[in-house]
Amino acid sequence: MYISHLYKDLETNNWMIQTNRQHQKGVADLAESFAGKIGLPSWGKTLGLLHDKGKERNAFQYYIRKTNGIPCCGLKPENDHNHAYVGGIYALELMGKSVINLLVNQIISHHTGLHDYMDVETILSTKALPAEINREKIDTTTLHKEIHSCALCSSADNLRHLHHLSRMLFSCLIDADRLDTERFMNHESWNLRQERADIASLLPLLESYIRNLQSHSADTPVNRIRKEIQEKCVEASVGEKGFYSLTVPTGGGKTLSSLLWAMKHAVKHNMSRIIIAIPYTSIISQTAGLLKRILGDNNVLEHHSGFNPYDVQDTESREKIILATENWDSPVIVTTNVQLFESMFSNKPGDCRKLHNIINSVIILDEAQTLPTDFLRPVVDAMTAYKKLFGVSFLFTTASQPVLSGLIEGVNPNADFTGIDSIKEIIPKEMMLHDRLRRVKLVIDDSGLTYDEIASRLCGYEKVLCIVNTRKDAKEIYDRLPSDGINLHLSKMMCPDHIDETIAKIRTILKDSAQTTLRVISTQLVEAGVDIDFPVVFRQEAGLDSILQAAGRCNREGLEKIGHTFVFSLSPEGRKPFGAIADANNARLNMPSDSDWFAPAAMDEYFRQLYSRKNTFDKTDIKHYLYKPDEICFETASNLFHLIDDDGISVIINRKNSLDLINRIKEDGCTYT
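Per the numbering used here, residue 287 is the first one in the sequence shown, and the count goes up by one each step.
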């Protein structure tokens, strides 16, 4: 008997043993089911059957018995009890080098993370199959048939997506391995995972919420337009799987409309889940909170750095959230662009584990204009792969739709690449939403003003929001405001809890009919998606997408009157934009001054101008490490693909009851429940 896992039953004091054959079969069954979603069930099954072959090693059996204090049955100790490489060598023996990226790497990496091809070669050339390993019979004919019917083999061009298929098979193995182990070692957690609603059962909750909202809303032009947008989303939801865009000016109700399209599209095509990716943590909680109210807390997984599941009071709900976070087994997920795309390019087991649950899903990319241009090529290629290979539909939703299809050209011809083949826009041009939802007059003054002049102009309004590019500029203007009324500051120098608290305070003051003077000085964190509504907004010079997003914080509900958004420069203070903001601002400045800034055509031209200033759309040369099928460097690419540079440090601040918590830790020690 080969032992795979064991634990001591506290009631009987007996050892409970899962044999290696039991574990391999359990993993094979789960992985077969997961990989079956992409037409490769036998590949998943084979991964499961071979991944722990190495536990048949005498060295491993001695190690697991000795570690747990049970008889070693005459086995002798060895220095190396590593088991992961064994199944990989056997897979190579069965099928040859053609499966290095489909079976071998996955098996030898299932504890460490997918290796670069050179490291795989080193492992295979320096290790041998131990004599005591049982050579399991595998039907390789079925494996060959399945892979040749896979979409990857439909054209030579698709081979650049091989690394995504490799990670997906890795994901099937990792989650199956973890789940089967949990099923044996932790029955309570396994049982909690079994309760999950499907999209079809949640759709009526959303439809009921929308009907109730419409019946209690005033019959205003804005609300009538929002209803039209929702109707167009319903019509478009029956379309084939693929790429869609929802271009709606700010205040047009994109959140509910996009979710309505996604859920009806998912039901139409029997899709598994909705994933909503948002660029800023400052608006994720806002979106997730709305969806939880509509669909129920247990049906919406909030997965981002600003959400702490341990804040959930109910023990069972908290445990379900923690479990769902591990593999995204939830009908609706609200996460960040960083979490989504970095997982797609990661080599790490914990990151990749969730990937197979993206298969056959709908992904909504909120505020799509924020997709990072420095990584635009690998991001677009990833979305193309997930659509072709894994049956995913994407919806790009924003008021400032980026150009993601056709030839995308930079200043360097070597940077050019072909974008998405076809994106279907849900809102027809004849609806003219940019005209019908025009509630703001944009006044652009590029001549330049001082901090004192900006502060003085802000004081001319009862309620005003000023958005600037840097924390320094925010402080300089804030310090020049008079003390009458309420002055508030927002920036990433504040912790997430403080930001949420301040935004809530702003909303309360704005809703108060009393004539309270309110001046808010903020960095870009309130620019996109934050639901606040000022009659007047000031925005420091930036790209057109940022300016229109800032204008979206102005006069959101009104069509009877026009709000004003003023664009200004701080050039007299020597505060010109730099870096990416400078490129974006210069792209705007190169457009005709009489452009209709709110028209979709202007946004297309802006992004063409912006792209033409880029030297690269792949700043760490990800394609060099991933696009050559025989030389895939998973670990190197994973280390290089970071949408946000991780160069910060963690700090502890004194806020609310933090000192009490520190004292409790000193007295009682850490707890993990």
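Simulated from the structure, these hints should not be mistaken for laboratory data. Even glycine gets a Cβ: it sits at the ideal position worked out from N, Cα and C. One should not assume that every hint holds.
Straight-line distance between alpha carbons at most 16 Å, and here's what the computed EDC-like set of lysine to aspartate or glutamate pairs gives [claimed, not checked]:
hint : residue 1 : residue 2
1    : 383       : 402
2    : 942       : 783
3    : 727       : 882
4    : 942       : 597
5    : 513       : 493
6    : 900       : 869
7    : 727       : 711
8    : 710       : 859
9    : 797       : 819
10   : 518       : 762
11   : 942       : 786
12   : 518       : 481
13   : 715       : 443
14   : 727       : 880
15   : 674       : 843
16   : 909       : 921
17   : 634       : 819
18   : 423       : 379
19   : 900       : 695
20   : 942       : 762
21   : 900       : 711
22   : 909       : 711
23   : 674       : 707
24   : 778       : 748
25   : 311       : 468
26   : 715       : 882
27   : 727       : 819
28   : 862       : 702
29   : 909       : 605
30   : 518       : 716
31   : 727       : 843
32   : 900       : 660
Now the in silico label distances, taken between C-beta atoms and shown as ranges [stated by the list, open to error]:
hint : residue 1 : residue 2 : range
33   : 718       : 486       : 33 to 39 Å
34   : 325       : 421       : 25 to 31 Å
35   : 434       : 499       : 26 to 32 Å
36   : 413       : 434       : 28 to 34 Å
Hints not upheld, ascending by number:
7, 8, 10, 12, 13, 15, 17, 20, 21, 22, 24, 28, 29, 35
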